[in-house]
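Number of protein chains: 2
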Amino acid sequence: MTPGFTGSPLDRADRVRHDADTFSAAKGDRRAQLLVLDGDLPRVGDEGRLVWTSLTEAPDDAVLLFLGYDEDKPHFVAFRSDEKMPAARSPALADALDRLRTGEAATYAAARSLLAWHARNGFCANCSAATAIFRAGWGRTCAQCGAEHFPRVDPVVIMLAEHRGRVLLGRQASWPARRYSALAGFLEPGEAIEEAVRREILEETGVAVGPVRYVASQPWPFPAQLMIACIAEATHDTITIDPHELENAIWVPRGDVAAALAGVEDSSFLPPPPYAIARTLLDHWVNEA
Amino acid sequence: MTPGFTGSPLDRADRVRHDADTFSAAKGDRRAQLLVLDGDLPRVGDEGRLVWTSLTEAPDDAVLLFLGYDEDKPHFVAFRSDEKMPAARSPALADALDRLRTGEAATYAAARSLLAWHARNGFCANCSAATAIFRAGWGRTCAQCGAEHFPRVDPVVIMLAEHRGRVLLGRQASWPARRYSALAGFLEPGEAIEEAVRREILEETGVAVGPVRYVASQPWPFPAQLMIACIAEATHDTITIDPHELENAIWVPRGDVAAALAGVEDSSFLPPPPYAIARTLLDHWVNEA
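Residue numbers (this note's numbering), protein chains in the order written: chain A, 7 to 295; chain B, 7 to 295.
I should point out that these hints are in silico values taken from the structure, not numbers from a laboratory.
Glycine included, each C-beta is placed from N, C-alpha and C at the ideal position.
Be a bit skeptical, because a hint or two may be false.
[Claimed, not checked] Heads up, incomplete: computed chain B residues facing chain A, CB under 7 Å, no partners named: (1) 119; (2) 157; (3) 191; (4) 195.
[Stated by the list, open to error] Rough simulated footprint, nothing fancy, chain B against chain A, three-plus residues with beta-carbon under 8 Å: (5) 129-142; (6) 215-224.
Construct the entire structure; sequences and hints are all you get.
Written as structure tokens, this is what we have:
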């Protein structure tokens, strides 16, 4: 049960961010690797691996962001301030993710989230001045007010409510036909994970839940969420959907979930893709009985 | 085992943020309540409760942020753009937190994190223009580039490594004498919780860990973290501290942790305060044997 976007082989080597000499040496290392991207798409090479090139291929106006070491070789991604990173997945990106190995997708996820954050954070939210990259690419600093800014990660709860052998799944109007998945929502300031789980299920479906148990987590790089996957015990099964959030919500028995995950042709719904933690969560729930 | 800063009685009522009429009605409700703060300090009333007043007490130049309903009464906190919220706890605040009930501290935590975010986010990080509050206080919008910004929550992993009946605790040079606590650090883009736990323990103490299990979570309003508490199984016990992060790290046997939590006078260390989830984590570990 390895969630998607986990298991990057890179060592982030925090020391490089705090020592200008080490960072310079990494950039000057002849073995240094630069991630090859086509716009926001990873290039997928042999055996589902990312493709890398030498630092000499970086555009002249790019800033090199340090991703980490693999077998002592420093790895980078190039950031150009005029390049924006789309927040959502295109069909071409979904296709690339289907072909990328999990650990390689994890490296791509870190790079993508970092690029997207720089693209959207050129100015100081505290004082409005232009900010500059520091910490080997893992922060921005403001010369005007002195504020330091660090890449944002937004915690999201994603969860199944269960009731007498069935789980609660929802779908949004924009999703592919027949796709159903776990409910999800952003955790807010002042909330614990378990509180956010209860609030989101209640808001979206009117279902009240009691105990909440944590299952797994994954980074989700569209643009930079931490997905926290849980299972909650529903106290009743009456659904009242919030039409602003969901198009529909349904209770699905374990056998039907198993059939959908196995790809049975006339299953009651189409499950989320393998790299989404909702899939990990459904696999876990089917197998824990 | 209820972590600090959880259990607020307020219903955040997301619908109020999306409907101007409902928000106006809430602000016009004669029973509406305004949180009383002295600077950044909560006023602590009878039985460790927060103190509230009527909306007429809000300064003329303040914006009302909607916190939620309690027994159908709308509750607000007032934000003034020239008022900054210190990121750290003063001795006076630590004293107030010792006297505040857990559920009341949770309401204060949400209000404090929201105020601190507005104070530091008056400008659009995307384009530098001044932004305006929307969504009943739970966001800011930019009229220049159209970007929407939402309050930030930073996930932090906080954890014990265990090895043959002992746990790994650390201390920072700035802490009170003899205080030791769980290790902790910010989760980064592209990391799962379990990966951040492994990286932080290794970075700070040189200790490698295998399986990681989730224990509990809490919001931490200095300024807006989500603390994710875990226990990890160490594969060895050789400590090599990172002197930039820690002053010292020690392995403590279960009996010594129990004595410290019980307040025994000559215990081997002073534990973190009751409202910190490191305390919840130590209580959990002592009792799970």
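Has the region 129-142 of chain A got at least three residues whose CB is nearer than 8 Å to a CB belonging to chain B? Our answer is that it holds, as 8 residues pass the Cβ test (under 8 Å) against chain B, meeting three.
Mind taking a look at whether chain B covers the region 215-224 of chain A? Criterion is 3 or more residues with CB to CB distance under 8 Å. holds (count 4)
Interface hint check: residue 157 of chain B, Cβ to nearest Cβ on chain A, cutoff 7 Å. Holds or violated? holds (5 Å)
So, residue 191 of chain B near chain A? Judge it on the closest CB pair being under 7 Å. violated (9 Å)
The hint names residue 119 of chain B as touching chain A; please verify it with the least Cβ-Cβ distance against 7 Å. Given a least distance of 4 Å, the restraint on residue 119 of chain B holds.
Does residue 195 of chain B hold up as a contact with chain A if the rule is Cβ-Cβ below 7 Å? The hint holds - residue 195 of chain B has a Cβ within 7 Å of chain A, the shortest such distance being about 4 Å.
Taken one by one, the earlier hints fail for this structure only at number 3.
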